[in-house]
Each structure stands twice: as structure tokens, then as C-alpha cells.
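Residue numbers (our numbering), protein chains in the order written: chain A, 1 to 159; chain B, 160 to 937.
To be clear, the hints were calculated from the coordinates, so they are not data collected in a lab.
Quick caveat, the model's predicted, so the values are computed rather than measured.
Treat the hints with care, as some may be off.
[Unchecked claim] To be clear about the criterion: a stretch of chain A counts as covered by chain B if any three or more of its residues have a C-beta under 8 Å from a C-beta of chain B, and this derived list gives those stretches:
#1 68-80
#2 97-105
[Stated by the list, open to error] Lysine-lysine pairs mimicking DSS-like chemistry, simulated, CA-CA at most 25 Å apart:
#3 B/K792 x B/K905
#4 A/K83 x A/K69
#5 B/K258 x A/K69
#6 B/K258 x A/K133
#7 A/K133 x A/K69
#8 B/K319 x B/K544
Every residue, glycine too, gets a C-beta built ideally from N, C-alpha and C.
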Amino acid sequence: MPAQPPPGTGALLSPRRMLVPCDGSDAAFSALALACDIANRTGGRVFAVHVIVVRRSLPIDDPMLPESKRGNAILTRAEEIGKAMGQSVETELLQARDAGSSIIDEAENLAVDAIFLGLELKERIGEPTVGAKIDHLLREAPCQVWIFRDTLANEGTAR
Amino acid sequence: MADEDRPASEPGAPAEPPPDADAGRRRVISRPAPPRQPRAPMELRGSDVVAPHAEGARDEEGRLRPAIEERGPQPPPANRLRPDLELREVRTGSRPGSKYVRQMRVHSTTFQTVEPGVLMATAEAFRPRSGFGRFSTALRRRFIGLPLATEQLAHERLTKIKALAVFSSDALSSVAYATEEILYILVGAASIGIASAVIPISIGIVILLAIVAISYRQTIRAYPNGGGSYIVAHNELGVWPGLIAAGSLMVDYILTVAVSISSGVQAVTSAVEALHPYTVEIAIAALLFMVIVNLRGVRESGSIFAAPTYVFIASILLMIGVAFFKIIGGGGSPISGGAPQTGVHLLKQGTESVGIFLILRAFASGCTAMTGVEAISNGVPAFEKPESQNARITLVWMASILGVMFMGISLLAHHYGIRPDDPAQKGAQTVLSKIAHESFGQGNNPFYIITQAATFLILVLAANTSFADFPRLSSILAHDGYMPHQFAFRGERLAFSNGIIVLGIISGLLIIGFKANTDALIPLYAVGVFVSFTLSQSGMVRHWIVRRRAGGEEARGAQRSMIINGTGAVATGVVALVIAGTKFIYGAWIVILLIPLIVLLLRAIGRHYETVEREVHLSDDELQHLPPPAPVKHTVLVPVGSINRPVVQTLAYARSLSNDVTAVHITDTLEDAERLRARWEEWGSDVPLVIIDSPYRSFNGPLMAYIDLVSQQRGPNHIITVVLPEFVPEHWYEHLLHGQTALRLKASLLFRPNTVVADVPQHLGKRRTRGQGTGNRE
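Full structure from sequences and hints, please.
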């Protein structure tokens, strides 16, 4: 008798509202493309956010012009990728003291089913690590967290 | 306006009160209504004020003022629009005390956020919204291509190879008719023996070409951003010399198009006699082709023009080479003159005596070979980097090729004893066609056909030099305020579309007017070009004098350059006088008269823009002391035909602008006006209604007179705002069913000072389908 998938697997693999934090890395854009692909199949929506981390010495609503400009460029690229994938990606720019917390807050606010993260392995004292932000999201996120890591040959900036 | 069909009120106008009129009334009347006036007697003619402003509100000059005080500066509302349309909010995070700022970007296909406060319109924003717009856009896309973004402008640069084709086709192609024009004068007007003068005349022209080319190399060096005659003369000699150079060039660019295309068509009719009756039609079709190609943009035109230009150069050089080989192989010398041919369509043998005037006139006609030499110096910015160096190299290529081809053709014409035919005669052949036959053999052999076809193509495409330079010159003049600003705007394909279209129209008229006859157009030609050469070179002399005086590094080589440009200025100046003198009675007088007229027109346009600038300009100092914009004092007038939904909506809008609103009803039937007043009072609007009887049934006149009186009462610094209710039918053809009173009124008010006109459109079809409200809800 062939093995049956566990009940509810289909729903697990079909998130309808997806949030992709974009830091401008190739991995993040790959995760976005993956989310768009899933959204195309599920008829879902994709949100892309870029978080500007505001130093404690500055007010939280500081204009942060250079960072805003870079963030807007990243989100414009995200919109272009979405358009190329046939998805209308909704983009937001966040300003927060801590990137991980604001992504979780926004995931709750947007009631997303999954957060898609692009992973670029970093090395700390010779050991590969996913980084503090992803670690935080894995522990605190109220929804599914999908982590996407490209083949090492394509990772480029990570190594 | 709502009742725009009617000059005054009509009986039976649809005037049902809005279904929520009561609710609207409750909300609109937020203060005590002004006391209602007793109804005026019906026999009263003129203005009949139903509810005038409250009494006692008069200013120190006794002028009536609104009962309600003008509103002062208001603080911005809490939900004030962010200009970049972004939504920005501070949100509380899930962690105690944490906050973050959420900025939702514009989620639109029509705009992209570049940075805070800066939006960029995408291609989607340019999509036409109306049916006609979609049709015209589809037509433009088909013929002109997809629009190019401004950022693509930097990529629209020409290599030397393409630039030679684009900027030199005019000069190079003139070898097709320059020798012929010399012979036309010499043989047509004098005895046959004088035809041998073609050789010294051609040598003189080649020497002049060398002088001008060397001079323009100096100009390109000094003006790496484009040193057209206008720029040089304007910068170095002043406004008037600059404008004379500009006017001369403009005339010559137009003539270049007409002459080149006409001559090209003549090459075709030389080869295909059956096409002779369709000369003008073929010329206009070729012109249309040129306009479309140029509207597509400079790079593509470069690609299109490169092949014919190089085929022409190759075929002419081959023709000269083969002919020389035959002559030398046969033991002859190309320098020796041949016996005159006995063609069947020879011109009338001349009776004029051989004289210096005839030689000079022939020389002047031959100078048409030099038109277009300055094009490269005008178009330096269109070259690939390093622009200046590439332009100088291309200029040398062009002058060398031109010199060789022109001299070769003149020698062969002399050697074979070729005489020009009368172009009006059937079966007439060009001199070039005859030489090609001598070289490649009689009959329509392939080389002959290629030469003739390439000649036709390059002559048609030679007009491209003008299509490249006329719009560029126009844009520079427009930028400097000497031509309408529309000429400075780039079209969808980054070309100066308005200049291209205007050049196309004027040269088209010339082709039709002169029946595409090159010989008739030639006397008008080359005057302007030599005037602009002279002014440009004189300007360069002054440029080097100033540099020399400045001393230091700048003075290096200045003396040498000054001598070169000085020689150019003298030579071209003398030639300009020769051309003007010898061609004057043959048609040059038209150009000599036209150039000053154009100059005066350009100066008049310049003066207009200077006046406008003086009136509207705010200096930095004035700006610093300027208070922030304060609310203006204005009185609002709403012309009404009856009480209906659009009128109620318009009054609601008018009330949101000011408390000082008056409804104006123009009528030619006081009974109808009476009914309207009764309904008005029944409605209970706080907006007073004035009825103006118009016994001559005109609408605009009485309303304008009433506005004049209100304006007179309010004083000169008071704005009169006229808010018009206007029907917008769903389909364009439904406009025909409406009288367009609002449109006529807007046209009348456009020129009235201190008057603002606002439209409150009522989209009829959309309103029906969407079931919009009356608009008077708050």
C-alpha cells in the first residue's frame, strides 16, 4: 500500500499570504521568486518588506534618506521580480530598532501564513551560522518560516 | 454648466430635488440662513437679487463685503495628503515599549517610488485613456515605434561610420548636382567653349572646401559641445549676428531638403523615363518617408542611412576609377577636354558673352557642393566619446571624399564634353547619369542602375542632414528663447519632433511650389549657408583674439587658429557676396529678403519671452522675503439654469471653497425665473440667487457684465471664481447634442484678469451606471 501524506500537508504547502524580507541579497530575491511561484499556484499574495534599522541615537521616524533610497531601490527590484513572475508584489519599508522583531510584528499585522527567508550562510569562528535575525525569526515567528538556501555555487556573496 | 444647452432658462427643465435634499440641507446649513428677501416684482428688469449679502458689511470704500468673514490660514488637516502618496504610520510592536515605522509604498503600476518625495511615472502612466488617444497612439507606435525613456538618451550616440552617413549625406550628395549646375550656367548661357571653365571653377571650390573644413576643425576644437554657426556667432559676436546666422541656416536647411529630394527624384526619372510625370508625387512620398524615419530617432536614422551613403560613395568612386582607367588605358588624359556631345535634349545655346560675371555665377552655383559642411560641427554632441575628436576626424573624411568625388566628376564631365539637359524635357538625363553611362557602358547595366539608385537614395537621405540639424538648431533657439518653447521638447523617440514636422511641412510646400525642379530651387540655395559660414568663422576669429589676450595655456596655438579662421571668414564672406550678387535676380532675392524677416521674427519672440520672464520671475532675494502663501479673497459665482443634481453638486463644491457664493441665473423668460426662485426658496439653500433678465437672449454677455460689476465692487485684489456645472456625456458624439455653453463661457473668461474658472463635471453615463449621489453630502 503506497504511503499517504500526513493530513493537512496540502494546506501546509499552500500558504496564501506570504511575507518576504528583502535585504537586497540574491538569496532574498530568490526567496521572493519562490514565494511568487507559490502565489501563482495558490492565488495568494506576496508582501515584500525592507527593514531600515534605526540607531538608538536617532528618533524612530527619522527620514533616514540614504537608507530609504537604498530600501526603495531594493523594493522596486522586488516589484520588478514579482512582475516578471506574474505577481503584483506589495512592498513596505519599515524603520525599526530591531529588524527581526519588526518583521514578526508586520507578519502579525498582515496576517501572513508564511515568512520566506533567503539564507546566505555566514561563518563565525569557522562555524557556519544562519545569523541572529533568522535565528530570532525561527524562534519568535507566529507563522510558518520557509528558509531558502541556493546551491553553494550560486550563493556568490556568502563565501 | 448643467443647462449648457440653453442660452437662458427653458421651461420644463429637469429640476427634481435630490432624494436626500433634506439631509443635505440639514448638513449644509450649519449657520443661520441669511434673511430671505421679499420677492421682487416681476416687472423689474435687469438684476433681481433674491438673497443679497447681509447688510452692513461694507469696507472703508463702501464696497459690499461678504457677511461671513473670510477664513484665515487654516492648519493642515490631520489626514493631509502626502505628496508622494505613501502611507506612513508609527505602529506599536509586540514587545513592551517597541515601536516601528511602517511606510507603505505606492502600490501602483503607474508610479514607482524613487525615494521619499520622488515618484517616477512608468510606461503604464503614459497609456492613453480615451478611444481616440488609443487610436492615435497605435498609429504612432506603428510608424514611429515605442517611446524611449529620457535615460536612454545617452545611448543615442553615433559612431564615426554612422555619423558620416547622418551628417555628411548632404555635402557628399551635392556632387550629384554641383558640377551640373556649373555646366548649366556655362553651357546654358554662353557659348560651348566656355564649358572648359568647369575645371578651374571646380578647383576653386575644392580649395574653398579645404579652407572651410580646416576652419570648422578649429570650431569643433573650441566648441566641443556643438559649435553650430548660431552658437558661435551668438556667443562671440552677440545676439544679432547670432540670429542672422540662425535665420540663414534655417532657410538653407529647408532648401537643402527641397533641393536634395527634388534632385534625387530627377536621378530616378533620368533612369526611368515613365516616372517623369510623377516627379512631385515621388518627391512628396520621399519627404514623408524622411519625416517618419527622423521621428523614429537619430540612431535608427543613422542605421538606415549608412548603407545608401556608403553604396553611393563606392559607386561614384568606382565610376570615376573605371572611367579614368578607360581613358588612361586608351592613351588619353582625363584632364583633356572632349568634343561636346550632341544630345537630343540640349539646352538652348547661349548668347551671353563670356565674362567674369558668368564665371562667378557658375562658381556660385557650384558652391552648392559645400552646403552641409558645417553639419558635423553642429552635431558634435551626437558623436560617441570622445565627441570632439571623433567629429574632427569625421570632418576630414567627409571633406576628402567630397573633394575627390566632386573633382573627379568635373574632370570626367569636361573630358566627355557632357552638357546638361533641360530637366523639363522628356528623356532628360543628369550629368552624373551621362558620366555613369560613359563609364559603365550604355544601356541599363547593373553598375549604372546601382549608381543611379544610390544617387537617388543619398539625395533623398541628404535631406537627413537638415532633419538632424534644423530641429537641433530650433531646440537651441527655443532654449535661448528665440523660438517657441515647443521646439525644445523631445518627442517620444527623443527626437525634436516639432522641428522635424515643421521642416517637413515647409520643405513640402517648396517642393510643390517649385514642382520639384532643382534648377529653379538652386538660385535660392547656398546664400544662407555662406552667410552663416562667414559669421561663424568671424566669431571664431574673435574667440581666438580673446584667448590670445587671456594669455597662458589658453593662448597656445591661438594665433595659428586665428589665421585659419580669419582666412575662412574672408573666403566665405567673399563667396557669400558673389553668390548674393550673381544669383540675386535669379531668385536669391527671396532668400535675401526672407532672412531679415526671420531674424526679426526670432528677435520678436525673444522679446516676448523676456517680457514674460520679467513679469513672472522671482529672484532669490524676493523669494526669501516672500510670505508663505495666504488664502486669497475670492467671491464665488455659480451660473445655474435650474435646480438639478449637477447644480446642487456644484453649489456644494462652491460652498467648500468660500462662504461668499452667489448663484446666477440668466433668463429670457421671467416666468421661468419666477418658478426657479420659488423652488430655490422651497429648497432653502443659504446660497443667494440672482436672476438676470436677458431680453436679447444672450447668456455670455450679461454674465460677463455681472462679473465685471462684482469685480468692480470687490476691488482689484479680489479673485472672482466662477464654478461651472458641466455635463460630460459618456460618448464623444453626444457632445453634439449639447450647446457647449460652459465651453464658450470658459473661453470668454480665460482672458479675464483675476478670474478663476472651475469645472464641476457631471459624468452622465458613469453616473447612471455607478449611481453616484448628488455630491452635496459632507
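**OP:** Measure nothing beyond the straight line between the CA atoms of B/K258 and A/K133; if it is 25 Å or shorter, mark the hint as holding.
**Re:** holds (18 Å)
Original post:
Do the alpha carbons of A/K133 and A/K69 lie within 25 Å of each other, as the hint requires?
Top reply: holds (22 Å)
Original post:
Between A/K83 and A/K69, is the straight-line Cα distance small enough, at 25 Å or below?
Top reply: holds (21 Å)
Original post:
Does B/K792 pair with B/K905 here, judged by a C-alpha cut-off of 25 Å?
Top reply: holds (21 Å)
Original post:
Does B/K258 pair with A/K69 here, judged by a C-alpha cut-off of 25 Å?
Top reply: holds (22 Å)
Original post:
Do the alpha carbons of B/K319 and B/K544 lie within 25 Å of each other, as the hint requires?
Top reply: holds (10 Å)
Subject >> Three-residue Cβ test at 8 Å for the coverage of the segment 68-80 of chain A by chain B >> reply: With 6 residues in contact (Cβ-Cβ under 8 Å with chain B), the coverage given for the segment 68-80 of chain A holds.
Original post:
Are there three or more residues in the segment 97-105 of chain A whose C-beta lies within less than 8 Å of some C-beta in chain B?
Top reply: holds (count 6)
Taken one by one, the earlier hints all hold for this structure without exception.
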